[in-house]
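The primary structure of each chain is shown beneath.
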Amino acid sequence: MQEQISKAETGGAPSPAGALVHDDTTARWFIVSSVAYFFIVGIIAVLIAAKFVWPDLMGTIPWLTYGRLRPLHVNGMLFGWLLAADMGLTYYIIPRLCGVKLWSEKLGLATAVLWNFIILGAVVSLLTGWNQGWEYAELPMFLDVLVVVAWIMFGANIFMTISQRKYEAMYVSIWYIMGTIVWTAFVYLTGNFATLFATGTNQANLNWMYVHNAVGLIFTPVGLAIAYYMIPRSSNTPLYSHKLSMVGFWSLAFVYVWTGAHHMIHGPISQWLQTIAIAFSVMLLIPVWAAVYNFFATMKGQWHQLRESVPLKFLMSGVVFYLLTCFQGPMHSLRTVSAIVSKTDWIPGHAHMAVLGTFSFFAIAGIYFAVPRLWGKALHSEALANWSYWMMMIGGLGFFVTLWLGGFWQGWQWNNWSIPFIDTVVALKPIWVVRFFSGVLIFVGIVMFAYNVLATALGAKEEPAV
Amino acid sequence: MLKKADNNALWAVIASLVLFLIGGLLTTVVPPLVDTSWSKPFENTDPAKGPTGKLVKLNAQQLQGRAIYIREGCWYCHTQQVRTLLADTKRYGWRGVDAPISTPDEFVNDSPHMFGTKRTGPDLARVGGKYDEQWHRTHFRNPRDLVKGSVMPPYPWIVNNPVEFQALVAYLQTLGRAKDWRPANDYEK
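Protein chains in written order, with my numbering: chain A, 27 to 492; chain B, 1141 to 1329.
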């Protein structure tokens, strides 16, 4: 399989005569805009973390209050940064794995323009308080429709490229990306359109199916596609097992979608549905451990490479965070654990480890890997890239660990009803101070990353390719 | 069988979609058909079966208040569900009376639902009737004037707009009231 990847990869390096040269305009546009949103939305992230420490901060301006900025943070990071980065890397990976050019760069460029329009529309509508009131599905209806259009344009381009591929056997990353495209279509329609025809508990059930699978069947499969491509490529080592990657993929396809109701454990929803959600949440360990074992086994004997390679540092840290976050998930779907951690600050700690620690780390690794090849020159600064890793790693750990500790503590306090609620708020203030400073470190890492990518792209330093 | 998906893209797509749709349909379409309490509004006249009462639709003012609750993102920090946990029924009770557990039939008129996921502030499922209008006015102007140590943002633009303020309070006073759970009928207005 590795041989196939190597054959397919020509990159921006001077290629031998007759070799396939990729255009990559679409990949470049998506990656540059996603990095810009990572930076802009990062400012909002730090601001809302600061509001926990200083609740009056900018508190009298309606569009700068917590309730308006939080959905902008969530949607901006999910759709402006992460999904756009994942799409950009898909436009990079798929033509290389298929050994053909992208089906249509024009269509791809139009998709990039439309995507940017959607994100800017989201900024304006969310700040004015135009919010549909569903988590992850806050965007007004006209933007939802545009997301569907953009997704069809993206899907058509990728599927047409795959259908014209030169290699018959498809590498595991291709299945994951195809899975992402078809599952996302259904998951997104459920969360943004089917919910219109339901109310109350029924609607909440659809909403949680969407929220959970936005992570489980959108960011997970496309993130794993990137990891399955980037880990062997960055370490120049063949993937450990094709068969194991199949186990991971097909169990993911079957198991993930059942788990939405675990967001309402002990809540006003049927007990039998909670039990089903718990059972399938525990089964999630199968696809997760299959993928993680495969990645670790691939790296066997190659761990020394992490010292020199920033993409590998991000990738393998992401794999460890993936193992941890997907151990937490099944565990706190259990009724006893949920009774303590549900609704506490533990949950944002868990969610950030998934979206930042795992899937953003995979995307950052992919971008550090792809940028020199896309622009045909060396990365602006390897040292700065290394610093960006350590900032995000230390900031991220500070963020995750303090919120777990704080959340667990908060949950115990809540379960003792002789403690007034406000005392449990005051108790968490030191936790929120640490979270704010950890957030600042993460943001410094984002600035270093964004500057490095943009400086390379805009040609601050003209050098031959790696 | 899944080996075939290695070489055949169409086959891979169909197989992954079928596997997905089994769980997808069984957990979204089927549950409301099986469990009809999800769509039947709460009504109980028999005190032996728990709190009596009837779920009524919100009036225009209360709906406006609900829209403000959504616009300002109150639901990011306040849940609306008393869970099947002793701690929830005790903590969200009032003056010695435990809060009844939230049931799906109390929420059939809610769209968008406001169950929430995070309790940065306390649960509001049974807040209706606990505090009077004057309390809410002071609290929305600056929560820290009433609750020392609170991290809730101030909302002066709501307090300074009598129409919006009264609508929001009118909505809050409806929360949890389908079940008439105060034996002394001591609800604040």
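Certain hints may be false.
Claimed, not checked - Here are the computed lysine-lysine pairs in the BS3-like style, where the Cα-Cα straight-line distance is at most 27 Å: (1) B/Lys1143 <-> B/Lys1180; (2) B/Lys1144 <-> A/Lys127; (3) B/Lys1270 <-> B/Lys1258; (4) A/Lys192 <-> A/Lys269; (5) B/Lys1288 <-> B/Lys1258; (6) B/Lys1143 <-> A/Lys269; (7) B/Lys1189 <-> B/Lys1230; (8) A/Lys455 <-> B/Lys1329; (9) A/Lys455 <-> A/Lys403; (10) B/Lys1288 <-> B/Lys1194; (11) A/Lys127 <-> A/Lys192; (12) B/Lys1144 <-> A/Lys192; (13) B/Lys1180 <-> B/Lys1197; (14) B/Lys1143 <-> B/Lys1230; (15) A/Lys269 <-> A/Lys326; (16) A/Lys455 <-> B/Lys1258; (17) B/Lys1194 <-> B/Lys1329; (18) B/Lys1288 <-> B/Lys1270; (19) B/Lys1197 <-> B/Lys1144; (20) B/Lys1194 <-> B/Lys1180; (21) A/Lys455 <-> B/Lys1230; (22) A/Lys269 <-> B/Lys1180; (23) A/Lys192 <-> B/Lys1143; (24) B/Lys1189 <-> B/Lys1270.
Don't read these hints as lab results, they were simulated from the structure.
No experiment lies behind these values; they were computed from the predicted model shown.
We went through each hint and held it up to the structure:
Taking the CA atoms of B/Lys1143 and B/Lys1180, the gap is about 47 Å. The hint is violated against a cut of 27 Å. The suggested pairing of B/Lys1144 with A/Lys127 holds, with an alpha-carbon distance near 25 Å, which does not exceed 27 Å. In summary, the hint linking B/Lys1270 to B/Lys1258 is supported, as the alpha carbons are separated by about 21 Å, within the 27 Å threshold. Taken as a hint, the A/Lys192 and A/Lys269 pair is honoured in the structure, with Cα atoms around 22 Å apart against an allowance of 27 Å.
Among the hinted pairs, B/Lys1288 with B/Lys1258 is consistent with the structure: their alpha-carbon atoms are about 21 Å apart, no more than 27 Å. The straight-line distance between the Cα atoms of B/Lys1143 and A/Lys269 is roughly 9 Å, inside the 27 Å bound, and the hint therefore holds. A distance of roughly 20 Å separates the Cα atoms of B/Lys1189 and B/Lys1230; the hinted pair therefore holds under the 27 Å criterion. Restraint check: the Cα-Cα separation between A/Lys455 and B/Lys1329 comes to about 33 Å, which exceeds 27 Å; the hinted pair is violated.
The straight-line distance between the Cα atoms of A/Lys455 and A/Lys403 is roughly 47 Å, outside the 27 Å bound, and the hint therefore fails. Annotation: proposed proximity of B/Lys1288 to B/Lys1194 is violated, straight-line Cα distance about 37 Å (limit 27 Å). At roughly 10 Å between alpha-carbon atoms, A/Lys127 and A/Lys192 fall within 27 Å of each other, so this suggested pair holds. Under the criterion of a C-alpha separation no larger than 27 Å, the hint pairing B/Lys1144 with A/Lys192 is consistent with the structure, at around 17 Å.
The straight-line distance between the Cα atoms of B/Lys1180 and B/Lys1197 is roughly 13 Å, inside the 27 Å bound, and the hint therefore holds. With a C-alpha separation of about 56 Å, the suggested pair B/Lys1143 and B/Lys1230 falls outside the 27 Å cut-off, and the hint is violated. A hinted pair counts as satisfied when its Cα atoms are at most 27 Å apart, and A/Lys269 with A/Lys326 qualifies at roughly 18 Å. Annotation: proposed proximity of A/Lys455 to B/Lys1258 holds, straight-line Cα distance about 16 Å (limit 27 Å).
With a C-alpha separation of about 19 Å, the suggested pair B/Lys1194 and B/Lys1329 falls inside the 27 Å cut-off, and the hint holds. Only pairs whose Cα atoms come within 27 Å are accepted, and B/Lys1288 paired with B/Lys1270 is accepted, the gap being roughly 19 Å. Distance restraint check for B/Lys1197 and B/Lys1144: the Cα-Cα separation of roughly 55 Å exceeds the 27 Å cut-off, and the hinted pair is therefore not satisfied. Taking the CA atoms of B/Lys1194 and B/Lys1180, the gap is about 11 Å. The hint holds against a cut of 27 Å.
At most 27 Å may separate the alpha-carbon atoms for a hinted pair to count; A/Lys455 and B/Lys1230 meet this at roughly 25 Å. Note on A/Lys269 and B/Lys1180: the hinted pairing is violated, with a Cα-Cα distance of about 49 Å set against a maximum of 27 Å. Among the hinted pairs, A/Lys192 with B/Lys1143 is consistent with the structure: their alpha-carbon atoms are about 19 Å apart, no more than 27 Å. Straight-line distance between C-alpha atoms of B/Lys1189 and B/Lys1270 comes to about 24 Å, which keeps the hinted pair within the 27 Å bound.
Of the numbered hints stated above, those contradicted by the structure are hints 1, 8, 9, 10, 14, 19, 22, listed in ascending order.
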